[in-house]
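2 protein chains.
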Amino acid sequence: MTDRNTLLASLRLSDRRLTHTLGVEKAALTIAARHFPALREEEVSAAALLHDCTKEWTAAEQLAFCDSQGIGLDAQEKACVKVLHGRTAAVLAERTFGLPAAVCDAIRRHSTLCERYAPLDAVLFLADFTEENRRSLACVRCREYYEGLWRCGDPHALEKALVFGLDAVIRENLEDGNLILKDTLESRNAILYRLSADGQG
Amino acid sequence: MTDRNTLLASLRLSDRRLTHTLGVEKAALTIAARHFPALREEEVSAAALLHDCTKEWTAAEQLAFCDSQGIGLDAQEKACVKVLHGRTAAVLAERTFGLPAAVCDAIRRHSTLCERYAPLDAVLFLADFTEENRRSLACVRCREYYEGLWRCGDPHALEKALVFGLDAVIRENLEDGNLILKDTLESRNAILYRLSADGQG
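Protein chains in written order, with the numbering used here: chain H, 1 to 201; chain R, 1 to 201.
Since the hints were derived computationally from the structure, they do not count as laboratory data. In this text the structure is predicted, and so the values were computed from the model without any measurement. For every residue, glycine included, the Cβ atom is placed at its ideal position computed from N, Cα and C. One thing to keep in mind: the hints can contain errors.
What the hints assert, rightly or not - Below, simulated BS3-like cross-link-like pairs (lysine-lysine); rule was C-alpha separation at most 27 Å, straight line:
1. LYS78/R with LYS160/H
2. LYS55/R with LYS26/R
3. LYS182/H with LYS78/R
4. LYS78/H with LYS182/R
5. LYS182/H with LYS55/H
6. LYS182/H with LYS182/R
7. LYS182/R with LYS82/H
8. LYS182/R with LYS160/H
9. LYS182/H with LYS26/R
10. LYS82/R with LYS182/H
11. LYS182/H with LYS160/H
12. LYS78/H with LYS82/R
13. LYS55/R with LYS160/H
As the list claims (entries may be wrong) - Over the 12 Å line for every Cβ pair with chain R, so calculated as not near, a few chain H residues:
14. ALA9
15. THR58
16. CYS114
17. GLU132
Hey, can you work out the whole structure from these sequences and the hints?
Next comes the structure, spelled out in structure tokens:
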């Protein structure tokens with residue numbers, strides 16, 4: 001697999017986003033070690049390093065890249081270019097760096113999760129939302145909420161923190177009059193079903 | 001078609017809900033006359049009168065009725081009995097009163113709308129949320145917002161008020177930790193696409 005230094009050297013990001021990216025890597029390694037110790041560290045690290053590698057592209061650049069790579073976009077993706085960076089970053093991860101499918105999937109879904117998300121998807125989503133450089137109130141609270149649940153030994157710490165993060169994403173979309181993405185809704189509902197089945201709903 | 005007096009006499013509702021029901025009928029007739037003058041008044045009235053006719057049933061009664069009528073429920077419906085009253089009321093409207101499909105559909109969808117909602121669906125949803133007896137802040141604001149848009153001649157008054165109402169429903173579900181229903185999301189997104197295509201997004 002492409003090594004960490006090669007991935008890191010490939011990044012063309014502002015200082016601010018590079019700091020965020022390294023924060024996500026650190027958080028992801030911690031979350032993965034807690035909840036999914038079978039995940040390979042180098043895959044967790046690769047997903048974190050590349051997740052925002054195209055986020056500073058313009059909307060026109062996102063769309064042109066998708067076009068050049070033969071990636072068809074549905075109505076939702078065309079109307080919501082903001083989350084296309086997950087899609088384009090996943091294509092780079094796969095086609096430029098030959099990273100494993102689980103890594104590319106996690107990168108693609110990192111803004112939304114999806115109904116049947118995988119362990120690495122959950123790790124990257126939560127790490128992205130809670131890494132130590134995040135300063136928005138929703139992120140700070142989610143970080144404190146998750147850490148508190150974990151310290152208290154709550155067996156559903158990860159799932160509860162994911163719902164907290166997804167709620168914040170939905171709330172932000174409501175405030176801004178933006179679409180709420182189907183994957184965001186389906187992942188949240190899927191977790192609520194599971195928590196409810198475990199008597200935590 | 002079953003006449004208004006027969007439908008009204010069939011209702012077994014608390015005074016509070018009967019007042020709400022008559023308020024919905026009044027609001028629905030106003031909204032329909034403004035936006036869809038081709039809708040038949042008796043159909044608008046029937047949809048309004050029956051929309052909550054089973055809302056005071058217990059969850060067990062909702063589920064038993066669905067079972068007795070051979071109505072299969074998906075995971076979302078089983079987990080969210082609160083909105084089942086639309087489903088059961090629609091069955092009564094169809095099987096007991098022989099009401100037209102458009103009326104039964106509007107009753108079934110009155111808590112959520114759906115991606116390709118019909119005129120009567122929109123009328124009933126907005127009337128239910130904004131009728132004059134509603135006192136919650138979200139409902140009062142939605143009523144004032146809609147009336148203001150209408151008075152100002154906004155050509156998208158109906159659609160904007162529907163999004164306002166759907167946003168409030170989603171926000172309430174977030175606050176309460178409840179599922180957000182797929183139809184709620186899809187109807188909201190569909191309206192946002194349309195408003196955006198008209199330069200209003």
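We went through each hint and held it up to the structure:
The straight-line distance between the Cα atoms of LYS78/R and LYS160/H is roughly 22 Å, inside the 27 Å bound, and the hint therefore holds. Restraint check for LYS55/R and LYS26/R: the C-alpha separation of about 19 Å stays at or below 27 Å, so the hint holds. Note on LYS182/H and LYS78/R: the hinted pairing holds, with a Cα-Cα distance of about 20 Å set against a maximum of 27 Å. Between the alpha carbons of LYS78/H and LYS182/R the distance comes to roughly 20 Å, so the proposed pair stays at or under 27 Å and holds.
At roughly 21 Å between alpha-carbon atoms, LYS182/H and LYS55/H fall within 27 Å of each other, so this suggested pair holds. With a C-alpha separation of about 8 Å, the suggested pairing of LYS182/H with LYS182/R holds against the 27 Å cut-off. Proximity of LYS182/R to LYS82/H is assessed by CA-CA distance (about 22 Å); at most 27 Å being required, the pair is judged to hold. Taken as a hint, the LYS182/R and LYS160/H pair is honoured in the structure, with Cα atoms around 21 Å apart against an allowance of 27 Å.
As the CA atoms of LYS182/H and LYS26/R are separated by approximately 35 Å, the hinted pair breaks the 27 Å bound. Note on LYS82/R and LYS182/H: the hinted pairing holds, with a Cα-Cα distance of about 22 Å set against a maximum of 27 Å. Restraint check for LYS182/H and LYS160/H: satisfied, since their Cα atoms lie roughly 20 Å apart, inside the 27 Å limit. Restraint check: the Cα-Cα separation between LYS78/H and LYS82/R comes to about 34 Å, which exceeds 27 Å; the hinted pair is violated.
With a C-alpha separation of about 31 Å, the suggested pair LYS55/R and LYS160/H falls outside the 27 Å cut-off, and the hint is violated. Consistency note on ALA9/H: stated as away from chain R, and its beta-carbon is indeed over 12 Å from all of that chain's, at 40 Å minimum. Distance to chain R confirms THR58/H as a non-interface residue, since its nearest Cβ pair spans about 19 Å, more than 12 Å. Its beta-carbon lying about 14 Å from the closest one in chain R, CYS114/H satisfies the requirement of being farther than 12 Å from that chain.
With 12 Å as the threshold on Cβ separation, the claim that GLU132/H sits away from chain R holds: the shortest Cβ distance comes to roughly 26 Å.
Of the numbered hints given earlier, the model fails hints 9, 12 and 13; all others are met.
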